[in-house]
Amino acid sequence: MTQMRTWIAVFLGLAAVGCGGSATLTESQEYFMARGVAALAIEKDHLWTDEKVEEYLMLIGLSIAFESDRPDTWKGYHFAVLNTEEVNAFAAPSGFIFVTKGALRSMNNEDELAGVLAHEVAHVNLRHPELAAQRAAQDSGLMEGVKLLAGAADVAGTVLSIFGTRQAANEMQVAKDYAPAFGKSIVDGLKSYKLGYSRDEELAADKMAVEFVTRPGVGYDPNAFRAFISRLPAKADSYGTHPGLEGRLQAIDDEIKKHKAAPVDAERTKRFLAMKAGLGQ
Amino acid sequence: MDFTLLVLALLLPQDPQPDPAARKVNVTGAWYVKGPNWRSDTVEKAEEGDDVTVLGTEGKYSKVKLKKKDLTAYIESASLVPPEKFIRKKTDEKEGQALSAQGAEATRGVNQKMEDEYRSQGGPARDQSYKDLDAWLSRPSYYSDRAQLVARLKEFQKEGKLGEHSPVK
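First to last, the sequence lines map onto chains U and Z. Per this note's numbering, residue 1 is the first one in the first sequence, and the count goes up by one each step. Per this note's numbering, residue 1 is the first one in the second sequence, and the count goes up by one each step.
Worth flagging that the hints you see were computed from the coordinates, not collected in a lab. Ideal placement from N, C-alpha and C gives every residue a C-beta, glycine not left out. Worth double-checking, as some hints may not be accurate.
With beta-carbon atoms standing in for the labels, derived distance ranges [as the list claims (entries may be wrong)]:
| id | chain 1 | residue 1 | chain 2 | residue 2 | range |
| --- | --- | --- | --- | --- | --- |
| 1 | U | R135 | Z | Q17 | 34 to 40 Å |
| 2 | U | S106 | Z | K69 | 48 to 54 Å |
| 3 | Z | K69 | U | E51 | 45 to 51 Å |
| 4 | Z | G123 | U | E267 | 44 to 50 Å |
| 5 | U | D177 | Z | K34 | 48 to 54 Å |
| 6 | U | G247 | Z | A135 | 38 to 44 Å |
| 7 | Z | E44 | U | R215 | 26 to 32 Å |
| 8 | U | E51 | Z | G56 | 36 to 42 Å |
| 9 | Z | E58 | U | R199 | 35 to 41 Å |
| 10 | U | G280 | Z | P140 | 18 to 24 Å |
| 11 | U | G247 | Z | D145 | 53 to 59 Å |
| 12 | U | L232 | Z | Q17 | 52 to 58 Å |
Based on the sequences and whatever the hints tell you, model everything.
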């Protein structure tokens, strides 16, 4: 038995060296990245913790997300307001969606807000935040730590119970060694989410946003989304890498023509303005 | 490497032929509902790792039979994955070590331990931001109560002439 264990230990050692392991983040790993990104965004700008505003955002966001092609994420969608006058909205992995107070102030009605949230839900549906997290984890060197553990455990998990202890020890060491890389991937991730994605990814999210808000189970006016986008400064920092305004508007117009559009509703605008008044001056 | 894998293949038990309709619940917030849309009445909360058999699909929902009990209901299709792709659960004693190994892979490296380490290196400001984050994730208080959440959402849609109340069909 001892000889058998020795042989298996040798195999495990070889496997740990030889296996590259998985090079992609799982949804659980993405969730911890998303938590880091969210915590950093909160540390920088702080949350606007008016529970009525948060609930209002959630109700609009879930009205869209539940009708989207990815109605749920691992731990569900969450919507928050960042307490900054910068005009921006972004999605982190795992369905964490942020809108700034400045963006809310610059909107005229609920349908505009719905369009912006639909754009972010579309990014989540298209897994753009997850792909960006993947790139950030790769560039920061974080994936090296994941691979180190993966190489050993691919083989070990099913063979030796004693390996459980070794695995835990390795996890602790990797956490210590790679926490800076984790931090860098979070900083890089947040930067890319706030700046926006590639032109093609943004256009895809715009088109999908129009489609989502006009789905029968939703019913917002997509022209409101267009109106909000048309007011964005052509070279706004917050949308610095977004496609050119003209191109975006043309793509949105083309998409709107394909769908039945409900008009902006007075009741919705009324409750939006009540929410907006609560943001203060 | 090849020799290692060969030995391990001989040591490990072989899986039976997979059922093409078998799926596992892959998210933590899914619910079994009576109809193929989110507005339907809830039946019960789906547990991550639940084994189901897909009987059919309607739109974005799958009609499933739950294996652990006599229950047939609908669930969002996006919440289901083939069993071999399920890599979430940390331990599942009933199903043995294979799933434990999958669980380890799911969280490996980037997990609570990493977060704790990163958090401890960031000082009080970072610690506070994580506290604020967790407080946010727990709001509103009824978020995890699907029936209450759906009731509130329906009310919100009715007030705003959204969804089934929209003038555009």
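Hints and how they fare:
no.: 1; hint: R135(U) / Q17(Z): 34 to 40 Å; verdict: 39 Å, holds
no.: 2; hint: S106(U) / K69(Z): 48 to 54 Å; verdict: 51 Å, holds
no.: 3; hint: K69(Z) / E51(U): 45 to 51 Å; verdict: 37 Å, violated
no.: 4; hint: G123(Z) / E267(U): 44 to 50 Å; verdict: 47 Å, holds
no.: 5; hint: D177(U) / K34(Z): 48 to 54 Å; verdict: 50 Å, holds
no.: 6; hint: G247(U) / A135(Z): 38 to 44 Å; verdict: 40 Å, holds
no.: 7; hint: E44(Z) / R215(U): 26 to 32 Å; verdict: 27 Å, holds
no.: 8; hint: E51(U) / G56(Z): 36 to 42 Å; verdict: 41 Å, holds
no.: 9; hint: E58(Z) / R199(U): 35 to 41 Å; verdict: 36 Å, holds
no.: 10; hint: G280(U) / P140(Z): 18 to 24 Å; verdict: 22 Å, holds
no.: 11; hint: G247(U) / D145(Z): 53 to 59 Å; verdict: 44 Å, violated
no.: 12; hint: L232(U) / Q17(Z): 52 to 58 Å; verdict: 56 Å, holds
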